[in-house]
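Student: Residue-level listing of the chains:
There are 2 protein chains.
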Amino acid sequence: MNEKGISNQKLTDLLDTAKSNDVGYERVLSAMCTYPHDVAVQAHTKFIEANMGDPGLFPGTYSLEKEVINMMGQLLHCSSVHGYITTGGTESNIQALRTMVNSSNVANPNVIVPESAHFSFDKIANILGIEVKKAELDSKFKVDIGSVKSLIDSNTIGLVGIAGSTEFGQIDPINSLSDIALENNLYLHVDAAFGGFVIPFLETSYHFDFVLDGVTSIALDPHKMGFSTIPSGGILFRNREDLNHLQTHTPYLTISTQSSLTGTRSGASVAATYAVMSYLGKEGYRQIVKQCMDLTNDLVEGAKKIGINPLIEPVMNVVTLDVQDPDTLRARLRDEFGWYVSITRNPRALRLVLMPHLTHKNLDLFLQDLEKLVKIG
Amino acid sequence: MNEKGISNQKLTDLLDTAKSNDVGYERVLSAMCTYPHDVAVQAHTKFIEANMGDPGLFPGTYSLEKEVINMMGQLLHCSSVHGYITTGGTESNIQALRTMVNSSNVANPNVIVPESAHFSFDKIANILGIEVKKAELDSKFKVDIGSVKSLIDSNTIGLVGIAGSTEFGQIDPINSLSDIALENNLYLHVDAAFGGFVIPFLETSYHFDFVLDGVTSIALDPHKMGFSTIPSGGILFRNREDLNHLQTHTPYLTISTQSSLTGTRSGASVAATYAVMSYLGKEGYRQIVKQCMDLTNDLVEGAKKIGINPLIEPVMNVVTLDVQDPDTLRARLRDEFGWYVSITRNPRALRLVLMPHLTHKNLDLFLQDLEKLVKIG
Numbered sequence: 001m002n003e004k005g006i007s008n009q010k011l012t013d014l015l016d017t018a019k020s021n022d023v024g025y026e027r028v029l030s031a032m033c034t035y036p037h038d039v040a041v042q043a044h045t046k047f048i049e050a051n052m053g054d055p056g057l058f059p060g061t062y063s064l065e066k067e068v069i070n071m072m073g074q075l076l077h078c079s080s081v082h083g084y085i086t087t088g089g090t091e092s093n094i095q096a097l098r099t100m101v102n103s104s105n106v107a108n109p110n111v112i113v114p115e116s117a118h119f120s121f122d123k124i125a126n127i128l129g130i131e132v133k134k135a136e137l138d139s140k141f142k143v144d145i146g147s148v149k150s151l152i153d154s155n156t157i158g159l160v161g162i163a164g165s166t167e168f169g170q171i172d173p174i175n176s177l178s179d180i181a182l183e184n185n186l187y188l189h190v191d192a193a194f195g196g197f198v199i200p201f202l203e204t205s206y207h208f209d210f211v212l213d214g215v216t217s218i219a220l221d222p223h224k225m226g227f228s229t230i231p232s233g234g235i236l237f238r239n240r241e242d243l244n245h246l247q248t249h250t251p252y253l254t255i256s257t258q259s260s261l262t263g264t265r266s267g268a269s270v271a272a273t274y275a276v277m278s279y280l281g282k283e284g285y286r287q288i289v290k291q292c293m294d295l296t297n298d299l300v301e302g303a304k305k306i307g308i309n310p311l312i313e314p315v316m317n318v319v320t321l322d323v324q325d326p327d328t329l330r331a332r333l334r335d336e337f338g339w340y341v342s343i344t345r346n347p348r349a350l351r352l353v354l355m356p357h358l359t360h361k362n363l364d365l366f367l368q369d370l371e372k373l374v375k376i377g
Numbered sequence: 001m002n003e004k005g006i007s008n009q010k011l012t013d014l015l016d017t018a019k020s021n022d023v024g025y026e027r028v029l030s031a032m033c034t035y036p037h038d039v040a041v042q043a044h045t046k047f048i049e050a051n052m053g054d055p056g057l058f059p060g061t062y063s064l065e066k067e068v069i070n071m072m073g074q075l076l077h078c079s080s081v082h083g084y085i086t087t088g089g090t091e092s093n094i095q096a097l098r099t100m101v102n103s104s105n106v107a108n109p110n111v112i113v114p115e116s117a118h119f120s121f122d123k124i125a126n127i128l129g130i131e132v133k134k135a136e137l138d139s140k141f142k143v144d145i146g147s148v149k150s151l152i153d154s155n156t157i158g159l160v161g162i163a164g165s166t167e168f169g170q171i172d173p174i175n176s177l178s179d180i181a182l183e184n185n186l187y188l189h190v191d192a193a194f195g196g197f198v199i200p201f202l203e204t205s206y207h208f209d210f211v212l213d214g215v216t217s218i219a220l221d222p223h224k225m226g227f228s229t230i231p232s233g234g235i236l237f238r239n240r241e242d243l244n245h246l247q248t249h250t251p252y253l254t255i256s257t258q259s260s261l262t263g264t265r266s267g268a269s270v271a272a273t274y275a276v277m278s279y280l281g282k283e284g285y286r287q288i289v290k291q292c293m294d295l296t297n298d299l300v301e302g303a304k305k306i307g308i309n310p311l312i313e314p315v316m317n318v319v320t321l322d323v324q325d326p327d328t329l330r331a332r333l334r335d336e337f338g339w340y341v342s343i344t345r346n347p348r349a350l351r352l353v354l355m356p357h358l359t360h361k362n363l364d365l366f367l368q369d370l371e372k373l374v375k376i377g
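Protein chains in written order, with this note's numbering: chain A, 1 to 377; chain B, 1 to 377.
Hints were generated in silico from the structure; no laboratory data involved.
All clues stand as given, with none of them false.
Restricting the straight-line Cα-Cα distance to at most 27 Å, the calculated cross-link-like pairs of lysine-lysine (DSS-like) are:
hint, chain 1, residue 1, chain 2, residue 2
1, B, Lys-46, A, Lys-19
2, B, Lys-66, A, Lys-10
3, B, Lys-46, A, Lys-46
Below, a sample of chain A positions facing chain B; criterion: calculated Cβ distance under 10 Å:
hint, residue
4, Glu-3
5, Lys-4
6, Asn-8
7, Leu-15
8, Ala-43
9, His-44
10, Thr-61
11, Gln-74
12, His-118
13, Tyr-252
14, Leu-253
15, Tyr-274
16, Ser-342
Output of the computed footprint for chain A on chain B, the stretches with three or more beta carbons under 8 Å from beta carbons of chain A:
hint, segment
17, 69-80
18, 241-250
19, 340-349
Don't be surprised by glycine CBs; every beta carbon is placed ideally from N, CA and C.
Kindly generate the complete structure, drawing on both the sequences and the hints.
Tutor: If you want it as structure tokens, here you go:
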């Protein structure tokens with residue numbers, strides 16, 4: 001750190017240079033984040049100093065948080081939901097599993113997740129010091145219910161279902177998981193970090209949320225398909241006491257207990273999420289999701305024309321393409337044409353997320369480049 | 001959630017109303033956060049979409065993170081430091097203790113922290129499923145070295161020292177803790193979430209950082225006295241392998257492993273922290289810390305004049321005032337005069353943090369109001 005500070009002009013130059021070295025989302029087909037909506041950015045900046053860690057100092061921002069949690073609850077069929085704005089899916093999932101641990105009296109607890117669960121569940125197993133058992137998938141990359149049942153033992157404290165898997169955009173049979181959870185008196189957490197702001201706006205309707213009695217908590221990320229700013233996640237609990245299992249006593253604040261993972265917590269994200277959800281309404285989200293699904297269908301059609309098939313027909317705006325040597329193809333797409341795609345773990349395939357920063361024109365260009373590489377081999 | 005979105009004008013009105021219900025920092029003497037610096041806010045907004053969870057898409061922002069970690073390392077006497085920008089002190093402290101757990105083979109590990117440790121260490125004990133033992137304090141509210149030594153057993157994996165305790169602004173004898181850590185082959189984490197951006201800029205110099213060989217990691221928060229935006233914390237490790245103990249394998253990203261707690265991670269905070277540290281330089285921070293210490297000394301002097309003494313002479317810009325019935329006094333200061341102060345746990349005293357959002361004029365008004373309440377009884 002320098003003794004003397006630098007000038008505003010010098011700082012601007014340095015920041016501009018750094019910014020110009022970022023990729024820009026226009027050619028990114030691998031990300032589940034995108035440019036936040038303008039109204040989200042404006043609200044974020046307006047509430048930049050707000051700290052939800054000490055809500056007594058920010059009762060105005062805190063009232064927005066209560067409202068935004070209610071809005072999410074209503075969206076997911078539970079009007080009396082309890083939760084808060086997290087830093088994202090990982091924190092939301094940590095907190096859901098921590099509630100399971102804190103409310104159980106099992107010495108070596110385990111939680112059953114699908115093999116398709118986000119890698120953060122490995123991280124969470126390490127953080128919480130619990131076992132995460134992986135249930136097998138069926139041929140459509142949904143969790144296999146028989147496999148889930150066979151993994152339940154006396155140390156099992158909960159199940160996780162995925163509504164919008166990171167790799168396949170697939171939705172697990174949450175209704176069956178709900179039945180199993182109720183039968184076995186287990187928690188059922190739904191990781192809808194990506195799907196939470198997609199599934200309710202699809203033309204096809206799916207039962208994946210609090211409409212199912214066995215679902216005890218849901219994670220959904222406003223900073224993914226909610227078009228809010230980073231860091232904006234959401235954790236929702238059906239029952240007040242499940243949020244209460246996370247309480248820590250907080251001396252020297254305006255509140256006496258705190259259920260969040262972090263202490264100081266962004267009120268800017270709260271305001272941003274409130275702003276974009278209020279501004280778009282269901283209609284606005286439905287329109288953007290339709291736009292993403294149009295891009296998705298175009299991409300699949302175009303891929304088929306050049307002889308590449310998807311592993312499954314896309315459920316949402318995530319596509320997996322069955323190609324030879326996907327790792328090399330991925331590297332060449334990036335190095336030769338500047339396209340960013342990613343790869344699924346098993347089977348290895350090209351994975352593409354069709355976010356609203358993409359355009360039909362850019363997808364055409366992408367397909368042309370893909371064809372060149374596939375044909376040349 | 002409404003079917004139709006609301007208009008931009010209606011949204012602005014709702015946000016304005018919420019904003020007007022927040023307290024505003026001008027009468028807040030209880031917070032360790034403040035208004036972020038203008039250059040931090042500008043940089044934050046400029047990099048609002050950057051996601052440090054996938055740094056290959058944001059190599060420009062990622063280069064700022066590497067630089068800002070180096071700047072913090074240099075500030076704390078370690079030029080080859082390893083770390084990243086966290087969401088704040090809680091995440092930083094979780095990660096420091098998680099490294100201790102992941103590198104040890106102890107079945108029921110414990111970590112020794114001072115009784116003055118931030119409440120987040122209770123939260124962390126619950127999250128990681130480890131025991132946090134509390135060492136007693138001496139008469140000046142520093143950790144008692146004899147107490148620390150007596151708590152070490154075969155399950156102890158690390159020690160924590162506080163450099164700028166939340167309640168007293170006190171600095172533990174980190175040099176003695178460093179010796180004990182080296183003798184017993186233990187980790188030593190220093191929680192300098194508040195003090196990290198204060199102590200290096202005080203007139204008196206203290207040995208509390210990597211200059212001491214036993215210190216293995218340090219937490220310091222740019223979003224407290226670093227004047228960056230929320231959420232900006234910092235975790236620094238002296239050794240690369242200690243950061244590596246936190247790695248999770250990350251398929252489908254531009255990187256293959258990730259050491260952060262969260263997945264998606266604010267690049268805006270990285271840019272904001274880089275901006276304010278570069279712009280202020282050591283000189284700028286020294287000036288602001290001097291301003292805060294002037295406020296602190298004024299407050300203590302004024303309090304003494306009305307017969308109220310501090311529990312200790314302030315080490316940094318945190319003051320504890322020995323008053324009768326502090327809980328009632330706190331409530332009356334808030335309800336009758338709109339001042340926000342807080343309370344220490346043991347002994348119970350008024351706790352005041354003199355942040356740069358305060359002015360000498362406002363402190364005079366505060367002292368007048370305090371005098372009224374103390375005299376009337």
